[in-house]
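Using the sequences provided together with the hints, build the complete structure.
Each chain, letter by letter, is given below.
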Amino acid sequence: MNWKTFGALLARDAHVARRNGFQLILQTFLQPLMFVFIFGRVMVQSGYMPQQYKSLLLPGIMAISMIFTGVWAVAMPVIAEFQFTKEIEDRLLAPIENSWLAVEKIIAGMVQALIAGLVVIPLAWLLLRPVELDINPLGFAAVTLLVALFSAAGGLALGCSVNQQHIGLMFSMVLTPMIFFGCTYYPWSALKSFPILQKVVLINPLVYASEGLRATLVPKFPHLSNIAVFVALLFFDLLLVFIGLRRFESKSVS
Amino acid sequence: MSFLRPTAQEQFGRLYFRPGAQNLMAVGIRTVDLRKVYNSPPPMAAGTGFGPRGNAKGSKQPKGQVAALDGLALEVTPGEIFGLLGPNGAGKSTTVGVLTTRVRPTSGEAWIGDYDVWKQQVAVKRLIGVVPQRPNLDFSLTAHEILAFHGAYFGQGSKERSQRSAALLEKFKLTDRANQMVRGFSGGMMQRLSIARAMMHDPQVLFLDEPSAGLDPQTRILLWEIIREYNQAGRTVLLTTHNMEEADALCQRLAIVDHGRVIAKGTPLELKASIPGGYLLRLRFGKQPELLLQRLQSLNGVREVRSADGAGTDVYADRGGSLIPEIASLAATSGAELNDVHISEPSLENLFLHHTGRSLRD
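Protein chains in written order, with my numbering: chain A, 1 to 254; chain B, 1 to 362.
The hints are simulated quantities; they were obtained by calculation from the structure and are not laboratory data.
Glycine residues also receive a C-beta, built at the ideal position from the N, C-alpha and C atoms.
List of simulated lysine to any residue pairs, SDA-like, C-alpha gap at most 20 Å:
id: 1; chain 1: A; residue 1: Lys4; chain 2: B; residue 2: Arg126
id: 2; chain 1: A; residue 1: Lys4; chain 2: B; residue 2: Gly155
id: 3; chain 1: B; residue 1: Lys265; chain 2: B; residue 2: Ser359
Chain B regions said to be covered by chain A (calculated; three or more residues, Cβ under 8 Å):
id: 4; segment: 102-108
id: 5; segment: 131-145
Here it is in structure tokens:
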């Protein structure tokens, strides 16, 4: 392992992210904030939604922002750099094993996902005031880290598996169903009148992200048990890191 | 001393020589029985033009498989400029890919100095610099940043990075573009920056895949000059080309590659001397009776006569233009009309034609 090279690879990604900062901010926050505004403020204030829906919504929006940011931050550059511009080749020739470049991509994606998740909280809080949070700091930190890792590793696995022509398909076939069936806008227990669906959505890792954040931010709402959340998130993390690294390795050499 | 033109080593001492043991000895390249079979069409990075060749007669590959390298053996002496010459799809880029850790060989060995490319990749990556066939510059960065980050990947400190980056941009006449994003660069500018980037970490072995493709003649000459200087500083250079002139002018030794094999190697002079006679006369007759071919063979100075299907005939001979009247009168007495004549002097193009029956430009 060559830390200087690894550091330089991270510095490159940080530099590019800073350069595209404004665009990244719009991309990350515009959609969740509009959602928070419509569902958390307009619908609640006009009486279509109960007051407490605001607190229920916040963890879900945070999960969406993190997943979307992490996947996007890793998958999009990987797709472009491998297929179209080939610009990743210069970094593949840096004196470090190819898989460390993949690890670097995951870490850069995690950092962006964490920033996205953590910025949503104060923004949503400002927009939704008053919103009741009962934060469990340790649990919250652990869940956000696990969610960030799974979003970035998932981005790597997707980015290495999807063709440039299929980016649109990736979003409509993978991310959109994940978000709608990810217990982001409702707690998992709300699905109890759809017993089959309630079982099926358990294969969706986003369910554990939303439920885990709900458990550590607003525990008064029904949520999956902490153990189930941690075990599932850990499982998805390991699985996606494994798949992502494997796919990256095979893609980086022809 | 000061009034003399500086030698290459003095001129580039600052740019190419860093304190360290690595500079003491140049590094060679060796491949043993290298094979590469693609199961799907090879990616762009590994060259182009493989298309129909995979189904050439005699191919034992199942459908869809393409043998890009078929037992390629090379030996590049430390400190020389070595050229791989061949048409598109001959396997040049795949060879470079294998030697630069980008294409995994199906079998065989590839060595850079004492390192096995596919067992000690990181050590090999430290020794090599690569200029790809298609520019693969980092589109999110400016020209200066591309060089600086490349230096950082190789562990250079920030002062060293900016000095080297400035020197290389100057050398490749890109100083005024240093702080522009490369997205808007012309093809030639991208190519120059790619070469500067490959030299940024002062590699012992420099690979250039079709380095002068897309460069205007002036820039091409500048590039040749830079490659020669780099070589004189004790570095090994391997370049691929399908340009005869470039191979002839630049390379100390050459290997001619076709269908993934080396079909001839030596210095440009040796190779050219191996063409029978040296001159090639490409003739085209209205029709060509067998008798005419036999008579051509018996002309004074003719070494070899080859007739392709149709009306084309290649005559290898010791002399060129002075043969034409004799050929014309032979054709007249044989009842064949001489429609077209093309005379070429001894060249690598003729050599390639002689070995493969095809022109390099085909």
